[in-house]
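In the order they appear, the protein sequences are chains V and H.
So for the first sequence, numbering that gives the first Met the number 0 puts the first residue at 0; every next one is plus one.
So for the second sequence, numbering that gives the first Met the number 0 puts the first residue at 0; every next one is plus one.
Fair warning: there could be bad hints in the mix.
In silico EDC-like cross-links for lysine to aspartate or glutamate, where the CA-CA straight-line distance does not exceed 20 angstroms [what the hints assert, rightly or not]:
{"no.": "1", "chain 1": "V", "residue 1": "297", "chain 2": "H", "residue 2": "97"}
{"no.": "2", "chain 1": "H", "residue 1": "89", "chain 2": "V", "residue 2": "291"}
{"no.": "3", "chain 1": "H", "residue 1": "52", "chain 2": "V", "residue 2": "105"}
{"no.": "4", "chain 1": "V", "residue 1": "214", "chain 2": "H", "residue 2": "46"}
{"no.": "5", "chain 1": "H", "residue 1": "6", "chain 2": "H", "residue 2": "124"}
{"no.": "6", "chain 1": "H", "residue 1": "89", "chain 2": "V", "residue 2": "293"}
{"no.": "7", "chain 1": "H", "residue 1": "89", "chain 2": "V", "residue 2": "301"}
{"no.": "8", "chain 1": "H", "residue 1": "89", "chain 2": "V", "residue 2": "285"}
{"no.": "9", "chain 1": "V", "residue 1": "297", "chain 2": "H", "residue 2": "98"}
{"no.": "10", "chain 1": "H", "residue 1": "99", "chain 2": "V", "residue 2": "293"}
Examples of chain H residues toward chain V, derived with CB under 10 angstroms [said to hold, decoys possible]:
{"no.": "11", "residue": "18"}
{"no.": "12", "residue": "21"}
{"no.": "13", "residue": "119"}
Derived by calculation from the structure, the hints in this document are not laboratory data.
We put the CB at the ideal spot given by N, CA and C, even for glycine.
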Amino acid sequence: MPKKKLAVYTATGCAACENTILDIHYDLGSLTRSADIVFWPYVLGSQWDGLNEQGPVDVCFFAGAIRTEADRIAAVRLRSNSKLMVACGACAAFGGLPSLTDLHPETPENRPEHLDEGNEFLLPKLESRVFALEHIVDVDYFVPGCPPTRDFLWAAIQSLVYMGDSPTRISFTASRLPMALAESITSGIVPPRGSVFAGEKAVCASCSRIKEEKKFRGFYRPYEIDPDSGRCLLEQGILCQGLATREGCGGLCTAVGAACRGCFGKAEAVFDPGAKMVSAVSSTFDSTEASEIEGLTKTFVDLAGTFYRYTLATQCALRTPNAEEAKHAPDNS
Amino acid sequence: MTRFEPKIIAFLCNWCSYVAADAAGVSRFVQKPNVRVIRVFCSGMVDPSYVIKAFASGADGVLVAGCHPGDCHYLAGNIKALRRSFLLRKLLSELGVEEKRFRLEWIAASESPLYAKLMNEMIEDVRNLGPCMPSSQKPLKGVA
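Build the full structure now, drawing on both the sequences and the hints.
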């Protein structure tokens with residue numbers, strides 16, 4: 000079997016997704032036996048010129064959001080060079096943290112200087128807003144998470160690179176993926192386009208904490224409270240987004256007392272994560288007095304930034320870009 | 000130039016507000032034609048996602064109307080609607096949907112003049128605000 004060719008790239012992001020690929024430890028060695036990583040600027044220092052010489056790439060793992068003109072060019076180039084395009088991590092899949100910059104749009108006062116070609120430091124032009132990868136090019140698969148959990152990413156790599164060639168690898172992969180995906184992989188079929196390599200239910204389904212009656216008497220920011228171990232965080236007044244978020248992490252954060260921040264995007268059945276959280280949180284308010292509820296509501300800070308922390312660009316129903324917008328490259332001079 | 004005609008989605012509760020809207024028509028109160036009524040069993044079943052979906056699908060204003068507190072057919076459905084409204088309004092305003100575009104009102108079955116008055120009032124309010132375009136054209140407000 001000829002070696003597969005892989006490409007890894009991060010646009011606007013922190014490269015933690017790429018670190019997660021490195022984090023598969025010894026398995027990275029076994030991966031390189033059946034695949035060549037032909038383009039990986041972060042680790043191999045690959046140049047764009049070298050990409051063309053390599054010929055078509057089999058799988059491209061694209062991380063990071065599209066915020067600048069350079070990101071858009073990179074996405075289009077890698078897409079045209081790759082057979083499969085995987086949006087890797089919350090930024091590429093949903094816009095991620097960079098999309099929160101849309102809450103503080105560029106104004107003439109805070110605008111960075113785009114220097115002339117002759118100058119040494121040239122900043123790429125900003126897009127009109129932050130896009131997820133799927134707004135700019137066609138995306139075949141999504142691996143959510145900030146960063147994606149190691150097991151899921153490794154399972155995704157194996158199922159796309161080996162494509163049903165290795166039974167031992169497939170049993171590892173199948174045990175870690177949602178059933179529909181696992182079944183298609185074990186029977187040697189490429190998973191359906193647009194599949195998300197994560198669970199279908201909400202994080203609450205895999206969270207180990209005990210959920211009892213929820214009564215909200217006040218809202219606490221994480222530093223203000225030392226949560227009881229073993230009891231649902233939302234019950235204790237911490238804004239935990241587990242109930243609106245796709246499962247797959249196994250409740251990593253909630254297990255150690257940190258509230259779920261929603262990095263896997265919304266769960267399958269949720270229409271809009273913000274609406275779901277508003278509904279869930281406010282129905283637990285322990286009051287029937289309008290003034291009292293209004294007082295409680297005032298204690299909440301930055302709802303948009305909290306509920307759409309990783310997903311503002313794609314999953315906030317009120318912010319979905321229209322096709323026109325995504326098509327146009329920036330022309331802000 | 001033609002005048003901007005806002006689209007208002009009204010979620011009316013089956014037991015009070017919808018009856019009021021019905022009676023307002025039968026009684027021939029003058030009402031502007033910008034409202035699309037959706038009958039629901041209780042204002043308490045209007046999930047925030049319905050409201051957000053309405054705005055995302057092009058509504059310029061959303062009204063949720065139910066029975067007066069204490070009169071709910073299901074005992075406390077309208078209180079549930081009340082509880083959600085504050086946080087929802089706050090989220091909407093952070094996402095660039097002005098406060099006047101979302102209203103929660105109590106309209107009893109016998110209050111058909113009030114229904115007509117409220118609707119006409121809201122339509123004019125929303126008309127003055129202009130089309131609701133939170134997605135792209137306008138920068139988000141945000142906080143902090």
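Now the hints, each set against the structure:
no., hint, verdict
1, 297/V - 97/H, "17 angstroms, holds"
2, 89/H - 291/V, "15 angstroms, holds"
3, 52/H - 105/V, "28 angstroms, violated"
4, 214/V - 46/H, "19 angstroms, holds"
5, 6/H - 124/H, "12 angstroms, holds"
6, 89/H - 293/V, "10 angstroms, holds"
7, 89/H - 301/V, "9 angstroms, holds"
8, 89/H - 285/V, "19 angstroms, holds"
9, 297/V - 98/H, "15 angstroms, holds"
10, 99/H - 293/V, "17 angstroms, holds"
11, 18, "24 angstroms, violated"
12, 21, "28 angstroms, violated"
13, 119, "25 angstroms, violated"
Comparing the model with each numbered hint stated earlier shows that hints 3, 11, 12, 13 do not hold.
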